[in-house]
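A.B. asks: Which chain is which? The protein sequence lines are A and B, in order. Going left to right, the first sequence walks through residues 144 to 1022 as this note's numbering numbers them. Going left to right, the second sequence walks through residues 171 to 278 as this note's numbering numbers them.
Some hints could be false.
Said to hold, decoys possible - Covered stretches of chain A, going by a simulated chain B footprint (3 or more residues, C-beta under 8 Å):
(1) 167-177
(2) 197-208
Unchecked claim - Below, simulated DSS-like cross-link-like pairs (lysine-lysine); rule was C-alpha separation at most 30 Å, straight line:
(3) A:K182 x B:K252
(4) B:K256 x A:K214
(5) A:K214 x B:K252
(6) A:K207 x B:K188
Since the hints were made in silico from the structure, they are not lab data. Backbone N, C-alpha and C define an ideal beta-carbon position, used for all residues, glycine too.
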Amino acid sequence: MPVISRLAALLKYLRHRGQAERDLEDEIRGTFERLVAEKVQAGLTSDEARRIAAIELGGVEQVKEQVRYAKTGALVDSVFQDLRYAGRSLRKNPGYAAVAILTLALAIGANTAMFIVVNAVILRPLPYRSPEQLVMVWTGMPGQTVPGRSAFGTVEEWRRRSKTFADIAVLDPISVTLTDNEGAERIGVARISPNFLPLIGAQPVRGRSFSNREAEERRRLILISDRFWQTRLGGSDDAIGTSIELDGLPSEIIGILPANFDLPGLNADVWEPSTMFPDWEARRGLRGPGSWFVFGRLRPTVTVDQAQTEMDAIARALDEELPASERNLGVTVIPLSVYVVGPRSRLALWMLTGAVLSVLLIAAANIASLTLARSAGRTREMAVRAALGAASGRIVRQLLAESVTLVAISGLVGTLLAAAGIRLIRAVGPLDLARLNEASLDLRVLAATVTVGLLIGILIGLAPASTVLRKNLFSGEESGRTVSGGLAIRRIRRALVVAQFALAIMLLAGAGLLVRSWLSIERVDPGFRPERILSMQLSTTAVEASAQRANFYDRVLEQIDSLPGVESAGLIGDLLISGGSEQVVTTEGGAGTTSQRLLLRRDEVSERLFATLGTPLLGGRFFSIEDGPDAPRVAIVNQTMARQVWPGSDPVGRRFKLGPTDSAPSWFTVVGVVGDMRRQGLDTEPVPQMFEPLAQNPSGLETLLVRTSSDEPSKMVTMIRTAVGRVDKRAPLYGVTTLKNRLSADLWQRRFQTSLLIGFAGVALLMAAIGLYGLIHYAVATRTKEIGIRMAVGAQAGDIFRMIVREALQLSATGLMLGLVGALLMGRAGSSFLFGVTAADPLTLTTVSLLLSAVALAAGYFPARRAMKVDPTVALRCE
Amino acid sequence: MAAKTTLLQGTLDLLILKALIASELHGLGVSRRVHQITNGTFDVRPGSLFPALHRLEEAGWLTSSWGPSETNRRAKYYRLTKAGRKQLADETTQWNRIALAIAQALKA
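So that you can see chain A by itself, here it is in the shape it has in the complex (with noise of 0.2 Å):
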């Protein structure tokens, strides 16, 4: 093809173009030289002779100008007219161009948006060094739920024994109270082992960590981090040496860690060593379940599947030597990245992918199909051009010019719609999705996004560029009969509506099953009456005394109850809950002691706390005063642990203790029996949970509920806070909240999946509408003269209109059922998704295809109705 072989030429000459400068130099100037050299000889003076043959040649500059321009410039140049064109057609177009235009750069725009979340969130690695190589250890089998933590003893024996681990390290989060001049705040606190920065590749920007050393003789370093520094110290450069007072004792600050420096969900502000426990003695020599979070680096040639082999060998050995209580539940070794963001959120986004790039397609089907019906009508403009001479090249050229100035412009308006997108994501997105704070427009995103749309526009033109090419142009001047470009393009274009059918239904089906499960959820009995309860943290100064703190919690509740407009108040260590903890529990039977394994919560509750929420009491009694610090230690159980601990008896008046037979903790004595309370969200079911009296287990943190009587909990804070200031000034009361807020913002993340797939559906029916709309619209305006025939042999206006709907609700159909498989078989690789609801629901999907054939019986309707008043005698006159 010429064109490919002056491309060559153009890419040699720029290349070589120092030589070929020469050359053009050589020829030119020779040519000058041989000129002038010739009328020398025919007797002209020098002068004479050069003046002419300037004359004659026309300046050797201005040829040598004419020559380059003959190679690059006339190609330029062309290019630069086929933009043009294209821009002229499109304005004159305007309908086209902005439907266009409008569809691909929302398309363009959300799979852009999706490709930088997607970026940030799974395919951008973790910003530690080497993080391939990092990973998580939990206790509990591999694909339990719930991956349990471990003490520290355990971790420290995994380490010793293990040869696949470069090292282990571990670290706990907890809160502290920090009193400043301002009063008394808590804050979250990370306690790590010594090699925790090291292993995880990070240093402190400014100082230094702590050593081994340090760390065992339990002096009090810390570290704070960049965010810490820069609010509550200023970004001072002295911050290092001062202290802060954590837990009424001073710590010194001996380093500052980089900005950015977190694990997801952790934001701690200051990092100390592990041993600040006060209890570290007994803590460090704990086995079995545990408070800490085990991160290990693996040697560098080790994968994962080695060493979980190697620790499934480890923890079995261990388990053969220690009791049964000490034991763990055998081991899982999890990678880094796939703790941060755990398999679940992974579908979620790639799922979401899949629906933007079907939008996007969808979009294209539209874009191409309304340009192939265009092309069709510019078949004899086609003509007219070959006939003046212009090469097959060009006007595919031309054609692809016009598409990719279409993607080019919509590109442009996607990305600034993907730029506002992101914003909007980073604010009302689901909260707990890791990374996605770090989501920017970055190279890798825009090479993609200039991809797709590169591939989009090529293909969009090449639908109708292809049609022209392979017709002979110069016969091709057939008036109205093969305008559509024959048969060809019209199975395209019916099998482009069909797809996009499909997809729209698959997309309907998705959301309609969210929907429902979103509606189920919020069916949900949370086991307590969330209205009017105001929540909030609290928590007394310093580490006091049990006594003390009982105490300052008694006159808190009394000042807040005494308050006008209180109902109750209760007080509990926090009422939403991420899960339980292993706990042996042991009961007492018929026949002795029967002990087991149990995931279980436990809660220290005020007296008053059940009734300030509305639980139910199912057996037994709620606490009273009596349940004092000396009186036999009492608890609570919920209906879950009572079928598991107790399976069909009663539990009021029996016992139980938290640990082996023998061992330290005492007896406990159930007094009643609550609804189960689900709080580790509506969707969740609930756990084991036991509750004990507040005095007779004072801890240092609690949630204050108050249930107010009027509607507006929030204007009842001040007051509250007043009221607990009159007990003590320094008590820190923070994270103001009404329950029903908080209850809420739990289910924020399926909120919003659930939004924008319904956003995704309901635009890709839009546009198959319009893409089955275009397509019987232009049949019939193509079809009038057959039309005409119809009529003028006796068929009624009633038959016409049947015919042209029957044939939208058929394409529509075909979609239909293509799409439902589609639909079954998405809904079974995202059931983790629903809740009360199979992928296969018969509601949803009868529902959504019902919708699916009134758009398509509307999209029909309208053309139809057209087709109906064609009058037969013009029809048939008209050619």
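Since the structure of chain A is provided, determine the placement of chain B on it from the hints.
C.D. replies: For chain B alone, coordinates are given in the frame of chain A:
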């Protein structure tokens, strides 16, 4: 000096190809030869000739080589390729057909 008759690009190509049918020539030579075979009707300006020569070479109908010339500077000589000869034959047939048709139309 002959009257200025404008040439379409296609016909210039044709003349250049014809000019080179017998022997290889450098740019100036081609210009002279065209003048000669058209009996002075066409005087191709270098500004049109050299771009055309380069273009024809790129299209594969001519090939070039460097050789000595009347002056000290080397000169670029062009000659027809096999494809060029075929192109010349095709275009000649085409041209004759068109010329015949137009002549007939004008006669009528």
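A.B. asks: Would you mind marking each hint as holding or not holding in the structure?
C.D. replies: Verification of the supplied hints:
1. 167-177: With 8 residues close enough to chain B, the hint holds.
2. 197-208: holds (count 5)
3. A:K182 x B:K252: 36 Å, violated
4. B:K256 x A:K214: 24 Å, holds
5. A:K214 x B:K252: 23 Å, holds
6. A:K207 x B:K188: Holds - the C-alpha atoms of K188 of chain B and K207 of chain A are around 24 Å apart, at most 30 Å.
Of the numbered hints given earlier, the model fails hint 3 alone.
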